[in-house]
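**Student:** Listed here are the chains, written in short residue letters.
2 protein chains.
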Amino acid sequence: MSRSQAIADILTRAILDHRLVPGCKLGERELSEIFDVSRIVIRQSLIRLADDGLAQIERNRGAFVARPSMQDAMEIYDALTLVEQGVAAQLSDRLGPAGWAELRQHVERQRQAVASGNDALADVLGQEFHTVFVRLSRNKVMQEIHAQLVRRTTLLRSLITADFDYCNLLDDHARVVELLEKGRLKPAMELIDAHHRSVVRGYIMDRQVFPELTPREALEPYLDGKAGEAPKPAPRKKTGDRGGTGAHAHVHTAK
Amino acid sequence: MSRSQAIADILTRAILDHRLVPGCKLGERELSEIFDVSRIVIRQSLIRLADDGLAQIERNRGAFVARPSMQDAMEIYDALTLVEQGVAAQLSDRLGPAGWAELRQHVERQRQAVASGNDALADVLGQEFHTVFVRLSRNKVMQEIHAQLVRRTTLLRSLITADFDYCNLLDDHARVVELLEKGRLKPAMELIDAHHRSVVRGYIMDRQVFPELTPREALEPYLDGKAGEAPKPAPRKKTGDRGGTGAHAHVHTAK
DNA sequence: TCTTATTGATTGATATCCAATCCTGTGTTT
DNA sequence: AAACACAGGATTGGATATCAATCAATAAGA
Numbered sequence: 001m002s003r004s005q006a007i008a009d010i011l012t013r014a015i016l017d018h019r020l021v022p023g024c025k026l027g028e029r030e031l032s033e034i035f036d037v038s039r040i041v042i043r044q045s046l047i048r049l050a051d052d053g054l055a056q057i058e059r060n061r062g063a064f065v066a067r068p069s070m071q072d073a074m075e076i077y078d079a080l081t082l083v084e085q086g087v088a089a090q091l092s093d094r095l096g097p098a099g100w101a102e103l104r105q106h107v108e109r110q111r112q113a114v115a116s117g118n119d120a121l122a123d124v125l126g127q128e129f130h131t132v133f134v135r136l137s138r139n140k141v142m143q144e145i146h147a148q149l150v151r152r153t154t155l156l157r158s159l160i161t162a163d164f165d166y167c168n169l170l171d172d173h174a175r176v177v178e179l180l181e182k183g184r185l186k187p188a189m190e191l192i193d194a195h196h197r198s199v200v201r202g203y204i205m206d207r208q209v210f211p212e213l214t215p216r217e218a219l220e221p222y223l224d225g226k227a228g229e230a231p232k233p234a235p236r237k238k239t240g241d242r243g244g245t246g247a248h249a250h251v252h253t254a255k
Numbered sequence: 001m002s003r004s005q006a007i008a009d010i011l012t013r014a015i016l017d018h019r020l021v022p023g024c025k026l027g028e029r030e031l032s033e034i035f036d037v038s039r040i041v042i043r044q045s046l047i048r049l050a051d052d053g054l055a056q057i058e059r060n061r062g063a064f065v066a067r068p069s070m071q072d073a074m075e076i077y078d079a080l081t082l083v084e085q086g087v088a089a090q091l092s093d094r095l096g097p098a099g100w101a102e103l104r105q106h107v108e109r110q111r112q113a114v115a116s117g118n119d120a121l122a123d124v125l126g127q128e129f130h131t132v133f134v135r136l137s138r139n140k141v142m143q144e145i146h147a148q149l150v151r152r153t154t155l156l157r158s159l160i161t162a163d164f165d166y167c168n169l170l171d172d173h174a175r176v177v178e179l180l181e182k183g184r185l186k187p188a189m190e191l192i193d194a195h196h197r198s199v200v201r202g203y204i205m206d207r208q209v210f211p212e213l214t215p216r217e218a219l220e221p222y223l224d225g226k227a228g229e230a231p232k233p234a235p236r237k238k239t240g241d242r243g244g245t246g247a248h249a250h251v252h253t254a255k
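Respectively, the protein sequence lines represent chains A and B. Using UniProt numbering, the final residue of the first sequence is 255, and nothing's skipped along the way. Using UniProt numbering, the final residue of the second sequence is 255, and nothing's skipped along the way.
Don't read these hints as lab results, they were simulated from the structure. If you're wondering where the values come from, they're calculated on a predicted model, not measured in any experiment. Every residue gets a Cβ at the ideal spot worked out from N, C-alpha and C, and that includes glycine. Mixed in with the good hints, there may be bad ones.
What the hints assert, rightly or not - Label pairs and their in silico Cβ distance ranges: (1) Gly-183/A <-> Glu-144/B: 31 to 41 Å; (2) Ala-194/A <-> Thr-214/B: 50 to 60 Å; (3) Gly-117/A <-> Asp-9/B: 48 to 58 Å; (4) Thr-214/B <-> Asp-119/A: 55 to 65 Å; (5) Ser-2/A <-> Ala-147/B: 25 to 35 Å; (6) Glu-178/B <-> Ser-2/A: 44 to 54 Å; (7) Arg-29/A <-> Glu-220/B: 33 to 43 Å; (8) Glu-220/A <-> Asp-193/B: 46 to 56 Å; (9) Thr-214/B <-> Glu-102/A: 48 to 58 Å; (10) Arg-138/A <-> Asn-60/B: 26 to 36 Å; (11) Lys-182/A <-> Lys-186/B: 17 to 27 Å; (12) Gly-62/B <-> Ala-147/A: 25 to 35 Å; (13) Asp-193/A <-> Asp-36/B: 43 to 53 Å.
Said to hold, decoys possible - List time: in silico SDA-like cross-link candidates among lysine to any residue, alpha-carbon distance up to 25 Å: (14) Lys-140/A <-> Ile-10/A; (15) Lys-140/B <-> Arg-67/A; (16) Lys-140/A <-> Asp-72/B; (17) Lys-140/A <-> Met-70/B; (18) Lys-25/A <-> Thr-12/A; (19) Lys-186/A <-> Glu-190/B; (20) Lys-186/B <-> Arg-201/B; (21) Lys-140/A <-> Gln-148/B; (22) Lys-140/B <-> Arg-59/A; (23) Lys-186/A <-> Leu-95/B.
Let the sequences and hints guide you as you build the complete structure.
**Tutor:** Take a look at the structure:
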């Protein structure tokens with residue numbers, strides 16, 4: 001793989017881990033020193049990030065981690081809902097027994113993780129559910145679109161006031177699978193919609209985000225060869241946020 | 001705008017106009033001489049094209065215009081159908097009178113173009129319909145996803161045996177609008193699906209595509225400043241293809 | 001004729017340099 | 001003291017030249 005792609009992947013992970021927060025300057029010189037490559041390679045990486053919606057390049061000003069607006073957030077969640085509803089409709093028509101089994105098995109694995117108190121694993125599995133869901137459509141184009149939207153929702157999570165609990169929404173997943181398998185498409189789609197709406201409605205993005213890490217500090221754990229085993233989640237000072245990047249951050253709006 | 005973005009746009013147009021056909025080598029040196037820029041700028045342009053799915057970069061081999069497979073074609077049309085159906089569902093809920101008026105007006109303009117024999121205009125309007133349709137969702141993220149899918153379908157049209165008539169499917173457009181406005185969402189969605197399915201089913205992509213133009217010839221009309229007024233459609237030797245890039249190439253499968 | 005080796009071309013990447021632009025800090029003016 | 005103007009520094013966007021690695025196609029040899 002090209003060096004610029006590899007670096008783009010690292011930057012992407014750092015952003016998704018909330019180690020590089022929205023608005024953070026991604027200076028060419030600084031990054032080139034961090035990764036020990038030339039500025040041009042960094043430029044190419046930044047172009048890739050910008051094409052993916054994770055960075056924003058301003059002419060003669062440089063690249064910054066994207067700072068999506070509330071409007072952007074709603075549009076991203078709308079698009080994600082649209083895609084997942086569409087996939088749900090396709091699956092309810094076309095999915096074979098093996099597919100349903102895989103979905104049920106995934107939910108079951110997550111259930112066991114929750115039961116055994118392994119929150120981190122449950123979180124990861126909760127994220128993965130959506131990916132598996134879309135993968136079963138056997139449409140790589142759709143998978144890539146969906147993955148990009150998920151990345152952007154993860155970026156959004158850097159911007160919200162992190163005063164929420166993670167519930168992995170095992171119930172929602174199980175119910176979606178159940179409804180779809182029974183052919184009850186419409187309730188399933190409404191459940192998907194309701195889920196995403198409840199998430200985005202809890203967003204409060206007025207606050208400015210201040211980077212707690214310099215790019216050098218943020219990227220240090222990803223450097224130095226295949227050290228990717230311990231991905232190092234995001235550090236947070238304030239709340240009890242465990243730093244997960246779960247796609248299921250569920251905001252408790254009701255009291 | 002950055003030079004690499006401008007060049008990427010030109011390359012994109014040339015590909016969508018079928019002047020650069022799938023498989024065509026996009027050599028860095030050649031392009032850098034054509035556009036009179038350094039190789040680095042070209043590399044950045046090619047990265048953008050690859051991210052958009054219009055080019056494919058092979059390590060140490062270079063970039064080529066993407067050569068999507070039949071599988072890719074089906075997946076792209078599936079994704080397009082999914083997106084447009086989802087947008088249709090949203091519009092049937094949320095679109096106001098002004099929106100419906102705009103859609104009806106667009107269809108009417110296309111009807112007039114057809115009636116007056118202005119096929120070229122009718123073709124453009126037929127393409128635009130889908131774009132307008134998605135724009136009314138007021139979701140820029142969705143718009144960009146849709147636009148990318150449309151670009152890829154246009155690329156696909158370089159690969160099919162061009163033995164079909166262009167009918168602008170005014171009827172389909174009018175009917176979709178009519179059905180949606182009446183709240184008959186399901187038939188409208190089925191109509192969208194049927195349309196795209198009929199298109200992709202007519203595809204025959206066994207044939208190899210041979211470039212009839214060198215990159216230098218293909219790109220010449222786009223160079224030299226704002227000469228973009230006469231976009232120069234694609235040249236075709238064989239059929240009566242008028243060179244349109246209409247999103248509504250409708251294959252007459254039934255006899 | 002088939003296999004192997006060499007050569008040429010192209011890509012990936014680096015270093016250095018330059019122009020244009022933006023930010024900032026200072027100094028001047030009112 | 002406040003507002004404005006200007007100059008300098010820093011950063012980006014880009015050009016050029018160069019080098020290593022890899023691929024492809026040809027040429028040499030069995």
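**Student:** Does each hint fit the structure? Answer for all of them.
**Tutor:** Right, here's what the structure says about each hint:
1. At roughly 33 Å, the beta carbons of Gly-183/A and Glu-144/B sit within the given window of 31 to 41 Å.
2. The given range of 50 to 60 Å is respected by Ala-194/A and Thr-214/B, whose C-beta atoms sit roughly 56 Å from each other.
3. Our hint of 48 to 58 Å for Gly-117/A and Asp-9/B holds, since their Cβ atoms are close to 53 Å apart.
4. In this structure, Thr-214/B and Asp-119/A meet the distance hint of 55 to 65 Å, their C-beta atoms being roughly 60 Å apart.
5. Taking 25 to 35 Å as the suggested C-beta distance range, the pair Ser-2/A and Ala-147/B conforms, at roughly 26 Å.
6. A hinted range of 44 to 54 Å holds for the C-beta pair Glu-178/B and Ser-2/A, which are about 50 Å apart.
7. Between Arg-29/A and Glu-220/B the C-beta distance comes to about 38 Å, which sits within the given range of 33 to 43 Å.
8. At about 50 Å, the beta-carbon gap between Glu-220/A and Asp-193/B stays in the expected band of 46 to 56 Å.
9. Separation of Thr-214/B from Glu-102/A is about 49 Å and conforms to the stated range, judged on CB atoms against 48 to 58 Å.
10. Arg-138/A and Asn-60/B have their C-beta atoms about 31 Å apart, which keeps the hinted 26 to 36 Å range intact.
11. A C-beta distance of roughly 19 Å is found between Lys-182/A and Lys-186/B, which places it inside the suggested range of 17 to 27 Å.
12. Our hint of 25 to 35 Å for Gly-62/B and Ala-147/A holds, since their Cβ atoms are close to 27 Å apart.
13. For the pair Asp-193/A and Asp-36/B, the supplied restraint of 43 to 53 Å holds, since their beta-carbon distance comes to about 51 Å.
14. Between the alpha carbons of Lys-140/A and Ile-10/A the distance comes to roughly 22 Å, so the proposed pair stays at or under 25 Å and holds.
15. Straight-line distance between C-alpha atoms of Lys-140/B and Arg-67/A comes to about 16 Å, which keeps the hinted pair within the 25 Å bound.
16. Pair hint Lys-140/A plus Asp-72/B holds up; C-alpha atoms about 8 Å apart against a cutoff of 25 Å.
17. For the hint linking Lys-140/A to Met-70/B, the alpha-carbon distance of about 13 Å falls within 25 Å, and the restraint holds.
18. Between the alpha carbons of Lys-25/A and Thr-12/A the distance comes to roughly 14 Å, so the proposed pair stays at or under 25 Å and holds.
19. About 16 Å separates the Cα atoms of Lys-186/A and Glu-190/B, which keeps this hinted pair within 25 Å; it holds.
20. Under the criterion of a C-alpha separation no larger than 25 Å, the hint pairing Lys-186/B with Arg-201/B is consistent with the structure, at around 22 Å.
21. Our distance criterion of 25 Å between C-alpha atoms is met by Lys-140/A and Gln-148/B, whose separation comes to about 15 Å.
22. Between Lys-140/B and Arg-59/A the CA atoms are separated by roughly 22 Å; this keeps the pair inside 25 Å, and the hint holds.
23. Distance check on the hinted pair: Lys-186/A and Leu-95/B sit about 21 Å apart at the alpha-carbon level, within 25 Å; holds.
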